[in-house]
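Undergrad: Construct all of the structure, not just a fragment, from the sequences and the given hints.
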Amino acid sequence: MSNYFTNQLRGYPVVLAALQAYSNDICRNCIGLEGAQTKVQKGLKKLGMDLKGSSIPEEEKGALLAQIASLSSDAEEIELSEDCECQKTAGTCKIGTGCFPLGALDILKQITEPAAPKTIVGIDCDPKVTILVSKEKSNAG
Amino acid sequence: MSAVELLNIRGSCCLETAGVRQHLEDLMAGNTLKIVFDPPLRQDMENLVAKENCEILRLDDEGESLTATIRKKASTIEMLKVSPVADYPTEEGCFLRGNHYSPVAVVVSLNAPYGTMPPEVKSIPPEIDKLVRSAVETGAALSGTLQTENIGIEKIVCNVVGNPNIRYIVLCGVDVEGHHTGDAFRALVENGINQRRSIIGSTAVTPYLLNIPKESIERFRKQVTLINLLGEMNPEVIGKAVWSCYQERPTPFLDYMLSDPGAYPEQPMSCRLSWRVKQPESIEEWELEELVKGIEEEKAVAVPQEKEIAIKVSEPKVEAIASHLLRIAEELSQIAKILLGEAEAKPIAPVKEAPVVEEAKPICVVREEAPAVVAPAVAELTEVELYFHNQFRTYPGILAGLSACDKDICHDGCSLPVAVNSIIKKLGKLKKDVEGSSISEQRKGEFLARIDGFLEAAETLPTDPARPCQKTVGNCTIGSGCLATGAGDLLKQVTEPASLTQ
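The listed protein sequences derive, respectively, from chains A and B.
First residue of the first sequence: 1, per our numbering; consecutive thereafter.
First residue of the second sequence: 1001, per our numbering; consecutive thereafter.
Please keep in mind that the hints were generated in silico from the structure rather than gathered at the bench.
Keep in mind that a hint or two might mislead.
Said to hold, decoys possible - Simulated restraints, written as ranges between beta carbons of each label pair:
1) B:D1087 x A:E113: 39 to 45 Å
2) B:L1448 x A:G96: 23 to 29 Å
3) A:E82 x B:D1129: 30 to 36 Å
Unchecked claim - PhoX-like mimics (lysine-lysine), calculated; alpha carbons at most 20 Å apart, straight line:
4) A:K94 x B:K1278
5) A:K94 x A:K109
6) B:K1293 x A:K109
7) B:K1081 x B:K1034
8) B:K1034 x A:K45
9) B:K1426 x B:K1407
10) A:K42 x B:K1278
11) A:K109 x B:K1471
Every value quoted in this text rests on a predicted model; they were computed, and no experiment measured them.
Yeah, the Cβ is synthetic: ideal placement off N, Cα and C, and Gly gets one too.
TA: Quick look at the structure:
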């Protein structure tokens, strides 16, 4: 089971590095980056909760929890303006329909194995579908 | 013209046996009836007419007989109408106000990109605007748009329970794509919410009502009847629905039988959003339970605070407080005099304070404020310049991502160098494109300097692909994906303007 957590935690530094880089761009004033930051924070929080409830040896658990704490702190430090608004709406972002912060979040989708243990839910990074779906629940309809 | 019926009851000994009561009962409102009768029955006739809610319009005395022209009075229906709460409508929103005694509100589903409305849909689409306006012109109390399945619905609930006269909600317009807000609204009226404050039976993504009291939701459901016309965009149909709702007598409309039942027989509720949850769309399902628990606990704690707290203050304390207040008043008066120029602006000699033993000061870490990001004036860029500008915006994120990969097991693998080499190639191509473009020399210089900066950063990363694949050696077990490739894919976010070679 620890492999699941280790793999998930390999994705977050990459995502956070990209988000931090985009916070130096106009994305700092954007709800896209704000939302991505929230998603990362929540994802890490959930990962921590699942880790605490798992049967992984305490020593290993401690090391992983420390890693989560460090990543959460990095997520917290992403620079954002006080009043964020969509930069497409504001007319300053003209890259098309894409979004850098949301694209950065999608890096997490590269991690597909191992599947989340039955008691753990996975994150869907699609901004339009933000619900977490547990495997057990989806089977139950 | 109403029909005039003639009834001759001359010779009858009483009105009952002559069937006059039955005739008066059967008389339609507004219609008239002429009755010829014998003079001794005049008093009885007048009494019966009054009893049957009729009136004698004219009484002709023809000597041996009397002819009364009788009309049924229009029935007066007693209908309760009340004033809404003082701050009605309590919540702001995208709606128009009509007559607040009207029993109907119209909700038009606003099918526009959620949250991030691009400039072209910044204002309400004209067909929806037309629908909203025509509804309020036809007689709706409120008519507006609904976009979100959480905050939007909460605002409607607040505004409706603040006006008990509203008994119908006409839901129309095309449902919000992907979010199914209209369906969430229907489900709320039909099913209500569950323990986790989610709308039961809704297909919406985040139908969480976390900012309003449960009581207001229940009241809302009891107060209104939903006229579900979701998908309907014809103002005439909506207008007919609105009109039917305020009829005094039951009026058929599609499958509904509508009429104004009067105000909901309970006091209006003044309800506002608590804004405890500002972005319900970012809430994950697993968070709900904890969040709802917090809301309930907060509510439980808040109740005792409403109790009046009596603090006993002794007389000496009252005197001390009074003297302090007096001093404050004097000081304020002095400040006012200085401001008006009536007193000299002299600083007060500082009061000598007893030396304070300096305690070890805590180290205060002042977080340096990051420099503000100034958006380049993209509007001033030419199409070609904008193309380069957008491409350049991608690379900091890609390079940062690849750098992060370099600190992981990717450092020893082959995928990271492959991704880095691909980025270097793309930057090289971009450089050539800039050099060959027709943009100004000054701009060209700026752009080339940026590319060189990116290239410099990329060249610090591993570029030798002759390393073992970390999946093959068993170190990377994330599946078929690759974090370095994922970082490189950020380039795909830029789709406009089209590539220069296209």
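Undergrad: Could you run down the list of hints and mark each one as holding or not?
TA: These are the hints, each one checked on the structure:
Checked against the hint of 39 to 45 Å, the C-beta distance between D1087 of chain B and E113 of chain A comes to roughly 56 Å, which is inconsistent with it. Between L1448 of chain B and G96 of chain A the Cβ separation comes to about 24 Å, which falls inside the hinted range of 23 to 29 Å. A C-beta distance of roughly 32 Å is found between E82 of chain A and D1129 of chain B, which places it inside the suggested range of 30 to 36 Å. With a C-alpha separation of about 27 Å, the suggested pairing of K94 of chain A with K1278 of chain B is violated against the 20 Å cut-off.
The suggested pairing of K94 of chain A with K109 of chain A is violated, with an alpha-carbon distance near 25 Å, which exceeds 20 Å. Only pairs whose Cα atoms come within 20 Å are accepted, and K1293 of chain B paired with K109 of chain A is rejected, the gap being roughly 32 Å. This hinted pair does not check out: K1081 of chain B and K1034 of chain B have alpha carbons roughly 38 Å apart, beyond 20 Å. Taken as a hint, the K1034 of chain B and K45 of chain A pair is broken in the structure, with Cα atoms around 86 Å apart against an allowance of 20 Å.
Taking the CA atoms of K1426 of chain B and K1407 of chain B, the gap is near 23 Å; set against the 20 Å cutoff, the hint is violated. With a CA separation close to 16 Å, the supplied pair K42 of chain A and K1278 of chain B stays within the 20 Å bound. Between K109 of chain A and K1471 of chain B the CA atoms are separated by roughly 17 Å; this keeps the pair inside 20 Å, and the hint holds.
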